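Protein chains in written order, with my numbering: chain A, 2 to 608; chain B, 4 to 118; chain C, 2 to 242.
Possibly wrong hints are sitting among the right ones.
[Claimed, not checked] To give an idea of the interface, some chain C residues facing chain A are shown, with a C-beta separation under 10 Å as derived from the structure: (1) Leu21; (2) Gly40; (3) Pro49; (4) Asp63; (5) Arg65; (6) Asp68; (7) Val147; (8) Leu148; (9) Ala151; (10) Val175; (11) Asn196; (12) Ala217; (13) Phe231; (14) Leu235.
[As the list claims (entries may be wrong)] Label-pair distances were calculated between CB atoms; the ranges are: (15) Leu577/A - Thr27/C: 45 to 51 Å; (16) Arg104/B - Ser374/A: 50 to 56 Å; (17) Met2/A - Gly33/C: 41 to 47 Å; (18) Val574/A - Pro30/C: 49 to 55 Å; (19) Pro30/C - Gly69/A: 48 to 54 Å; (20) Trp102/B - Pro26/A: 29 to 35 Å; (21) Val6/C - Leu11/B: 39 to 45 Å; (22) Leu11/B - Met120/C: 48 to 54 Å.
[What the hints assert, rightly or not] Chain B residues, not near chain A, derived (Cβ > 12 Å throughout): (23) Lys57; (24) Ala58; (25) Thr62; (26) Thr80.
No wet-lab data here; the hints were simulated from the structure.
Keep in mind that this is a model prediction, so the values were computed, not measured.
C-beta: ideal position from N, C-alpha, C; glycine also.
Residue-level listing of the chains:
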Amino acid sequence: MLVPLVVALPLLGAAVLGAAGHFLPSRVDDLVAAAIAAAVTVLCVVLIFHSAHGTITYWFGGWHPRNGIAIGISFSVEPLGAGIAALIGALMTAALVQSIDYFEEEVPPHFFVLMLVFLASMIGFALSSDLFNMFVFFELMSTAAFGLTGYRIEHRSVLQGAINFAVVNGIGAFLLLAGIALLYGRTGALNLAQIGQVLSRHGADGLVIVAFGLIVVGLLTKAGAVPFHFWLSDAYAVAPAPVCVLFAGVMSDLGLHAVGRVYWVAFSGVLGNGHADAVRGVLIGVGLLTALVGALMAFVQAGLKRMLAFIVISHVGIFLTAIGLLTARGLAGATVYVVADGLVKGALFCAVGHLARRVGHTDELIAHGRGRSLPLTGTVVALGALGLAILPPFGTFVAYSLVERGAGGLGYHWLPPLLAIATAVTGASVLRAAARIFLGLGPAEDDLLVAAPRGEEADEGMRAAPRRGFLLWGPAVALLVAGLGLGFAPGIAAHAVQHAERFVDRPAVARETLHGAPPAPLPHVHEQIGAAGYAYGAGSAILAVALAWIGLYRRRIPEAFRRAAGATAGPAVQRLKLLHDGVVGEYVTWLTAGAAAITGLLALLTR
Amino acid sequence: MSFLPYALAAWLFFVGLYGIVTSRHLVHLVVCLGVMQSSTYVLLLAIGYRTGKKAPIFTSGVPTKVGAVDPVVQALTLTDVVVSVVASALILALVIEIWKRSGKLDPDELGKQET
Amino acid sequence: MSPRVRLGLFGVSAAVLACLFVWALTGLPQFGAFRGEYGRILNSAAGPERHVTNVVSAVTFDYRGFDTLGEEVLLFTAVMAVALLLREARSGDERRADAVRSDVVRAVGLFAVGPTVVMGLYVAAHGYLTPGGGFQGGVATASGLVLLYAAGRYRAYRAASPKTLIDFAEGTGVGTYVVVGLAGIVVGGSAFLENVVELGVKGTLASGGTIAILNAVSGLAVASACVLIFHEFLEELMTAK
C-alpha cells in the first residue's frame, strides 16, 4: 500500500507546483517541496522495517504474474534497497532545507519541480525490478539532473558541464538499452527475476556476456567509474551546492546498486558458477582503478567542489570493488557504505554550500583563512574528512570492515590495504582544504594544485552577506551525525548481511517474486569486527592526517625526497590532469574504449 | 538476408558514435545522437517481428488465427522515442545558449576555452 | 589528446566493440522467429480482459502503464528544464517577424491547420481502437499549432496558444495521470494504476476503462509539452541579438 506512494507523492507534488508554483513565493514552494521530501523519507524508513520480514513485491496495475510469467511492472522492496531510498529522501530533505536560505534570488518554481521529480525518479530507480522501468527512471533522473545542473546558465563552464553530462549520459543510456533489448530477444522478459529464471536454464554464450557487459557499462557511466567519469567532475563542480548534495550522495551510487541488483537477480544463475571469477576480476579491476585514480585527482584539486566530485568517483570505485566481490558480505558492506558515506558526502556538500554563501569562494587557495569565523562548519568538514577516511568506530568504518572481511573471506588480502589507501587520500584532500580554509594553515599558493578556474565555481561572487545561519549549516550537521552515527545502530552489520544473504539467493527470490512463495527465514548471522579491521581503519585515518600535512607543508620535506617523488609521479599526474579538459569528443572516445575493454575482457575471461 | 535488420542497428549505432566523436558542430552532434537513438528503435522492432503475422490490432474483436507481432517492443519503442525527443530538446536548448553567448559551436573549442 | 590519437583510440575501441556487438546479435533468434511469451500472452489477453482492440495501447496504458507515467513525467520535466535553462530575462523588444511573406504559402498552410488538428485529435481519441494513441495524436495536434506559426502569423500563433493555459494543461495532464493511479488504490483497495473504471463495449470509444482516460490525458500532456518546448525555442529566436 505504501510502496507506490513513495513515487506518486513527489510526482503529484511536482505537478501541483508546476501548475500553481508561480502564484506562491519561492520560499513557500521550497517548504512544500521539503515537506514532501521529509514525508517520503519517513515512508522509506517505515518500508525498511516492513520489508525486514520478507521482500515486498508490489505489482503496478494489479498485474500479478501468470504461471510464473511476469506481465506487469513490479517494485521489489527489501531493506537494502529501502535503506538507499531512505538515504535519497534524507539528502533531498536536507538539500531543500538548505535551499531556503542558500539562494539569494527568487527561485523559479521549475527548480523545485525538478527536485521533486528527481526525488521520485531516484527512488523509483532504486526500488524497481523491471529492466525497462529502470531505464525509464534512469532517463528521468538524467533529465531532471541535467536541468538542475544548468541552473546557473550564465557561466560558460556550466554550459560546458551540462553538455558533457547530457551527451555522455545519453550514450550510456543507449548502451543500457541495447543490453536490455538483447536480453529481451533472448528471454522474452523484462522482469529481472524472470530474466534470471530463463537465463539460468542455459549456458552463457556471446549474447549473455555482451548484454551483461553493455548493461554494466551503461550503469557505470551513470555511476562515474573510470573511464566513464569525466563528465562527472565537470558537472558536479558547476551545479549549485544543494543539488550537488544529491548528486554526490546518491546519484552515482544508484548506478552501482543497480549493477548489484542486475547481477544477483538476473545473471548470477548463468554467470555465477563457472564465470564468477571472470566477473569478479573485471569489476574489482575497474573498481580499484577508479578508487585510486579518483583519489589522486581529488588530492590535486584546489577547488572544493571539484575535489569532492573526484572523491565521489573514488568512493564509487570502492563500492564497485565491494560489489565485485560477488558475495553477500560484499553486497551488505557496499550498501551500508553507500548509506553512511552518502550521508557524510552530503554533509560535506552542505558545508561547502554554507562556505560559499558566507565566504564567497570555494577554492581552498583563495579562501585561505577566510573560514575562521565558521568554526561549526569547519568542524563538520574536518569530521567529515575523517569519516571519509574510515575513522573507527563510525558508520563508514563499520561498512569498510564488512568489505574487508568479505575480501578476506575470498582470500583477497591485498584488497583492503589498497582501499584503505584510497580512503586515506580522499580524507587527506578534505583535511588539507579544511586546514587551509578554516585554520589558515599552510601557504596560500601551491602550484601542484589545479585551481578552480575563474567562473567554474559558479557559486563564487555571491554576496557574502551573512544570513540566518541555521538553515545553512543545520542540514550539514544533521547529515554528518546520521552518517557517522550509523555505526552505532545496534547490529547494523549483522542485519545488513542477513538481508544480503537473502538477496543473493536467486532461486528463492525468483520463487517469491514470480510465484508468490512465502519468504525464507532469515539466516542467523554473527558479525564481529576483527583486529585487522580496526588496524586498517585507524591506519587510514592516521595516513590521512599525514598526507594532509604533507600537502600543506610540502616544502619542508627534504629536497631529495621531493625531487624523487616529482620525477616518478610528476609526469603521470600531469598527463592525468590534462585528460580532464572538457572536450566531449574525447570523453566519448574514452567511453567507447572503456566499453570495449570491459566487454572484451568479460568475453575473453569467460571463454 | 535475415541478419540484415540487426546489422543495420549495429551500423547506425557505430556511425552515430563516430559522428559524435569527430563532430565539429554541436547541432551535428545532436543529430548524431538521434542516429544512435534510431539504432535502438530498429533493434527493438526487429527483435519483436514475427514473419507472416499482422499488427497487434484486432478490430474484428477476436484474436485471429494468423497471430500478431510482439506488442511489447512497440510500446517500448514508443517510450524510447519520447526519451529521445526530450534529450534532443534539452541539448538543443543548451546549444542555443552557447551560440548566444559565444557565437561558436565547435565542441572541441568549447572545452579548451576555459583553461 | 591530439585528433589523430583520439581517432586512433576510437577506431580500435569501436572496432572491438562492434565485433562484440555483432557476436551478441548472432545469438538472437532468427529475424521473424521471435517466440516471446510476454507478447503472446498480452496479444491474446488484452482484448477479452480490457475490451480494447489496439493491444499496443493496452500495453502502454495498462499492463505497463507505470512506464508511461514515467514517460509523461519525462516530457513534463523536459518542459520545466528547458524553461529553467532558457529563463533569463529577455529584453522586451521582440522581433515580431513573420516567417512567410508569400500569400499562396500562407493560404495553403493555414488551410492545412484545421485538418491537421482534427486528424491529431482523431488519432489521439481512437488510440485504443485503431493504430495511434495519445502520444501520436498529441504530437500531430501540436504540429498543427506550430503550422499556424510557420505558415501564418506569429500573432495568430500566440493568440491560439496562450502560455498560462498550456502550462496549466501540461501540469493537469501529468497530475491527472497520478490521480488516476491513486484512484486505483482508493477506490477498489487495489493497486496503483489498476483499471477500476467500467470497461465498456469493445470497439467503441467507451471501452478500456482507465485506458481511455489515460490515453486522453497523455494526449493533452504531450500536445501541451510540444507546444511549450516550441514556444521556448521560438522566444529565443524572436529575441536573439
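>> For a quick check of understanding: which of the numbered hints are violated here, in increasing order?
In response: 3, 7, 8, 9, 12, 13, 14, 15, 16, 19, 21, 22, 26
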